[in-house]
Amino acid sequence: MPVDLTILLFLVQDGVINGAVYALGAIALVLVFAVTRVIFVPQGEFIAFSAMTVYALENGRSPPTAVLLLVLGVLAAAATLIRERRHLTPRVLLVTAAFNLLLPAALFALVRWLAPMRLGPWAEVPLAIALVVPMGPMIYRIAFEPLAQASVLVLLIAAFGVHFSIEGLGLYFFGPEGIGTAPLAGGSFSLGSLVVTGQSLAVLGAAALLLIIFHLFFQHTLLGKGLRACASNRLGAGLVGIPTVLAGQIAFALAAAMAAVAGILIGPIQTVYYDSGFLIGLKAFVAAMIGGLVSYPFAVIAALAVGIAEAFFSFWASNFKEALVFALLIPFLLIRSLGVRPHEDEPE
Amino acid sequence: MSERQAGSEPQAGVSERQAGVSRRDSVLPALIALAFLAAPFTGLMPAYWVALLDYIGIASLVALGLVLLTGVGGMTSFGQAAFVGFGAYTSAVLTIHLGMSPWLSLPLSLFATAAGGLLIGAVTVRLSGHYLPLGTLAWGIAFFYLFGNLKSLGGQEGLSGIPPLRIGDHPLTDPRLYFVVVWCCLVLAIVATRNLLRGRVGRAIRALRRTTAAAQSFGVEVPRTKLLVFVYSALLAGLAGWLYAHFQRSVSPSPFGLTAGIEYLLMAVVGGAGRIYGAILGAAAVTVTRDLLQDILPWVMGSNGNFETVVFGAVLVLVLQTAPNGLWPLLAGPPRTPKRPRRHPGLAGAPPPAASASTASGTGADALLDARNLHKNFGGLAAVNDVSFDLRAGEIVGLIGPNGAGKSTTFDLLTGLQAPSAGQIRFAGESIASLTPPDIARRGLSRTFQHVHVVPDMSVLENVALGAHLRGRAGAIRAILGRDRHEEAVLLDIAAAAVMRVGLDAQALQPAGTLPFGQLRLLEIARALCLGPRLLLLDEPAAGLRAGEKKALADLLRQVRAEGTSILLVEHDMSFVMRLVDRVVVLDFGVKISEGEPATVRRDRKVVEAYLGGVA
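Line by line, the protein sequences are chains A and B.
Sequential numbering from 106 applies to the first sequence in this note's numbering.
Sequential numbering from -14 applies to the second sequence in this note's numbering.
It is worth saying that the hints were derived from the structure and are not from the lab.
Among the clues, some could well be false.
With beta-carbon atoms standing in for the labels, derived distance ranges [unchecked claim]:
(1) A:A183 with B:A23: 41 to 51 angstroms
(2) B:P31 with A:R188: 39 to 49 angstroms
(3) B:S406 with A:Q375: 49 to 59 angstroms
(4) B:S406 with A:G341: 25 to 35 angstroms
Treat the numbers as computed from the prediction; the structure is a model and nothing was measured.
All residues carry an ideal CB built from backbone N, CA and C; glycine is no exception.
This is chain B alone, in the form it adopts within the complex (with noise of 0.2 angstroms):
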């Protein structure tokens, strides 16, 4: 009740908010950024200011890598100032060594980081849970140390007499010239880093950190999508180690170690991991805090300590514990959720092309899914024993059975998320017993969960819009450029389409996890339909729904069907279940003990036994 309260409430705040946004979005925030970049040459700005601001932009780089890897990406790094060492280090030995020219050295020190990311990543983002910070931590490390002892990197001394970045014949020295190179660069690494966010690339990496499981059940292939958030990220690094080098004109290990890398860290978890403006306001008060602390303790506690460090130690771990998700979201508040596509007269309506498919080749009569002799064991524990089944198109077949039946477990079998002990899987003809979920994802079978997996924080168009995955194209370098608009309005209509069908368009722009759990379901109905599947496969899609809205959901399933789509449904509800499906299979501790017909199914003792228990 409350719930529903508090869900209805932001509605007219939304559609408000987005008018002022989407003019206030381009004018206001480039006005802001020039008079920011001219503010140093006023005169108002000290010198020392513009040095540290300098500082602060070189910073926000690494941070908003961190940003994306940790806060969005969900996966934590204490090795990023190693990327940093990279870029530093290699244009450091291009332009002493070879000579080169600074602006030559930008792209090959940029190759340098991305490949050292590639390979570094390729090993890294295989790490599960906390192996995977626990490698970053290895690697910064011995990074570290091998800067400090490979001598054509200098040594300990590293290397001096880097030329400073020219135009003509001007040397940029003056840091009121640096800061605007610097600041360019980061408001480019913003634009870019929100466009990649805010496409279909973008929404997979968002669902990375909360469930990788609906990722990939949508197509998202999960590794390559870490290692392009790592490459991503480790490219910022380099690009901050570039303009670092070339600003201090000269590089020593220490600012690659792992004390920087964890702070780092730092800038990222005080701003607010996941938020793109976090990343400047972390790397601002991390920075300006060392500063001040540099000049004010050793006047207050005497020359001997590092006091720096004891305050920013206590610092992380206060924010830990009051703030876990950083200041800027205390600043800022919840983020904003994106414009609403235009409408596409036509493409919504228009069938998803794997129905159109289905219904094209009109093979009634044979199976669409085939499952012979399905076995999952867990240890000792057969979850799925011997089941056999089948599906044809244009069914809607019901599994059923009492709590632990298995049936869950076999949805996992037949999308792939788990890989069955034994048994075979055919879909339209073809074994999809040893694919991968998002092969499977391929060929028309989508699904929902019974414990539901959406990225709370993501609007549910957005979240929607994940079940849409496969049918764009539009890969991250296209996002970055801002190519992917029209396709991106293509697959928000269609999610707008999905989400209006299931009636959730009053919430399409509510963060995720504001809905009530029944709502969540609907959700996930829609993000199913968006991948235009030939066979939908519903895991108590009616659990949480009130009377009126399980009939609702009864008739869209129909009419879905009605659209070639072929529905595969696990629900408690009998009621629900006996009026809405062709046939019933029945499980009980994973055997199938009865199928049939909904009529013949409810007088089989078996089932009635195993529902009620035994007869007396």
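Just chain A, with the same shape it has in the complex (with noise of 0.2 angstroms):
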């Protein structure tokens, strides 16, 4: 089929938002892999559920995610009781404590108090953000932290483990049907034959300023170089003092922040289901995988380049989109292999 400018344009356009939201994912893959060896994988989870919990709190009612953090930090809160029974100290105790029974509990309270207010967007999507960003470490402390020495491939698969379990509780808490939330940004305007609306510059905006804010974090902040310095040597770090283990927290956290704010980007682009988020991890996966994992300006730019094709591939083939998307990976893991010698052993 021939493309004319108006569909070229309206193509990229769209591509372009699908773009900006996978660079949030993909950053956020890159982040997780860099500090913690884990190929975040449950991101896609944090994405549905930060949506679903802006829909729910739209209509005025307590979101259940509220439910499955308090879920979520009882189990967090068991394996560490498990784990450390043998030095269970005071501020041990407290620390778990306040973070996976106090915090949700704080949480559920508050959203119950304010949800039939219908406090607006302002609100809305800080609570929500809040309600998913503490699922991050707790989902590290139960799943990854007894597995920090093993294998990337150990921690893919755990990290599979973990999606299928989030997942499942997803559509328990959440049901199988599909929602969609209001525009952040209403309005649109023409721009020659192209109409851009209100939404895909907020999306655009945020995102943009969410890769701005996170580069200024890890450049100048001392947190943020500590992150960096646990993801080039992880040995090396914890030997000058930097605990890897909460670095992976906070990785954890960052990443489940930046899977949040691309759920709620996406809530009012297309219909969100339970298990959506799932194939737009995945695809946000593709841009940092073509990007090697490692490196932030090309995941983002990678992820723009994955909309994009994805969205002429849906011109083009529609039936054959997502195949050709993730076929695409392929000559892209081709060439990153190219670079690695092939006696070299995975160490186990």
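Need the complex rebuilt from these two chains, each delivered in its own frame; the hints are there to steer you.
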């Protein structure tokens, strides 16, 4: 089918908006992989859950996310008690109780109280992020901390296990229905033959802002530098006194925050189901892989490229768009592999 | 000390077990298998269980392939379900659209799966590290969407009305009859897999995960072996797909998607990746659990949920956290060691072919190995800088120098594990600088490694037999059909002789992982001898040996030289080196600083400075 300028611009716009969301996901993936060597498969759940949280709040209901957070908090506390049973200090108990039990309980009470008031997006969005972010470190504690020394492969398989569990819980808590949230910014205007919606500008603006904050955080704060140190050499970072377990939890929290924002941005654009996030996360993952799971700028550029490619695939061969997007990964994986000497053994 | 005690204890147990194994090995499993196959017809087994066992058998085939691919070969695949889809859809299309008999569509389905596996594998097995599983993930998803969107495959609804298997006029629709078909296939697959893993190719496959460097150095073509495993596991999945299609009588995309792929991986991990019977255990555990959960959980938790995935995910994580080797090893203990080969008189004593060739040519004066102006740079670091030396046939030459002098890198250059940045290497008059490690091994150059490269869960004897890889010819098909027994006996005999020469015969049947460091070095020497080398490269062979063992080693090396094998050796124990070698080459910071007879080199000021620091 021929593509005229209007269609071309429309496809590019569509692709860039999706690409911006993938970019957030890709950054989160690179971050988590660099610091913990975990490929953050459950990110998709965070994306879906945050969109569905906003939806519940919009409708004046207390979001099921709050209950899920309570469940995860109890599990994380239990995991801590079991693993640290030989050296439980008052401090460990206090921190565990505060973070895993009190915080979720407080958030639970807060949303119950605030939800019926329908306070609008300026209250709903921060609430949704606040409900999703603590899940990141909790999941790290429950599933990945004991595997910190395991190979990338074992961590990857475990990440899929976590993904399945949380996705299943998502179905229970959120139900099988799809939702769509209200646009963050209404209106639209014409730019030549192209119609630009306020929502798409909001997506681009928010994504760009978050990426800039992220960059500044890593370049200019002590915490950011500590995370970078863990990323480049975990053992070395540990030896100079950077707590690597804490670094893992922070990485998971940041990644959960990125995913939550991605979910909030995608909510008004497409219908979100409890399992929609997985596919979004996978595409972010394709982008992150094209960047080799190490380069933030490459991941962002690749994410935009994946978004645009997807838009064109859906125009030309909509049935095969998913197959094509994932097939796109193979040549890049091959190029990545060529750089590595063939006889190097994966450390076990 | 404690290692030694631990090492000496199992010996008695091994020989006892061996005697029992030989009879039990064939009769008991056969009886169990027969009783099992007859069980559904006794009326004691509810129909529900028979159908469940059918599904378990089908899943076991896929899991068995994954055990081989992931647990043994070290390649994790998330996309195995796609190959099940290949087999199922091929047979569905052929039988529905072309009216073909399912028995005829079986070979075609397997062929389609093998062709698919070959194409996908050719790309995938070249991926390194964690890129490989991610690649399988990518095409697993891609094929899932392809299955669901191709009109000829029925889209999301799939294809129904697939004919059942028939024998004469009797359709095999009864789950009890199908049970026999499924489990016969599984038994055949297990026998084939065991045969494959036992032999020469099997040792190469088992070395893939732990030490591709050693495998290559003894002539294993690593990419080809990986591809072989990949296609073999795809074939098992394709067979499972064919069985599934004609049991279910309809196909749709969802059983061949990513979730299914991960479920198969779960089976392999839960059962114990790397253990054949772990595949069945894992398949049974996962299938039964899923079935129970689907029955029970909606009662407990309400129908609005997909709780088996919650439980599966949690179980997967828990297994990885608490029993990373899976459940089978917990039930069955460590893997059994193979039987010791019968002695073939006359074979073991014969000098290895390559060595005899070199004595026959008897070119004592010409250089056997000639390295000219070798360079190896890692970024800005010149690990080997313009090093030249030679070695004449029948010589023992020592390559010495302080730590970081470039000795091991030189070994890697000579054996092709690393390509020189510049320079020439000639071996027996032929340039080998651009050859691959297997090609260099083929020319009669074998080596040991400074950091030992052994397969810890393989017995000492089998590890050593990896060195004889190039002295056998049997391929995968011969092994699967069990037609490699004679050659295997010969290879294991060569290995046994080498094991005896280095004095490890008492430990021959122990897993190599249980040996102390010094004995692992001896194992590596035995393995290197099995190649029948014209030139033996030894990287710190005496490290970790006691005085008596060192003397025995020196005697052995002199004897090896007397048989016509030349030796180049890196070693830090100066008294060991100086007593043994004809000449010494001294490296320091990648540069050759001295060369000559031991007595001369010992007096060389530069050498003394390099070892002791500047003389004040």
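Comparing the hints with the structure gives:
1. Taken as a hint, the range 41 to 51 angstroms holds for the pair A183 of chain A and A23 of chain B, whose Cβ atoms sit roughly 47 angstroms apart.
2. For P31 of chain B and R188 of chain A, the hinted distance range of 39 to 49 angstroms is satisfied, since their beta carbons lie about 42 angstroms from each other.
3. One distance hint, 49 to 59 angstroms for the beta-carbon pair S406 of chain B and Q375 of chain A, holds here, with the actual separation near 53 angstroms.
4. Checked against the given bound of 25 to 35 angstroms, the beta carbons of S406 of chain B and G341 of chain A, roughly 29 angstroms apart, stay inside it.
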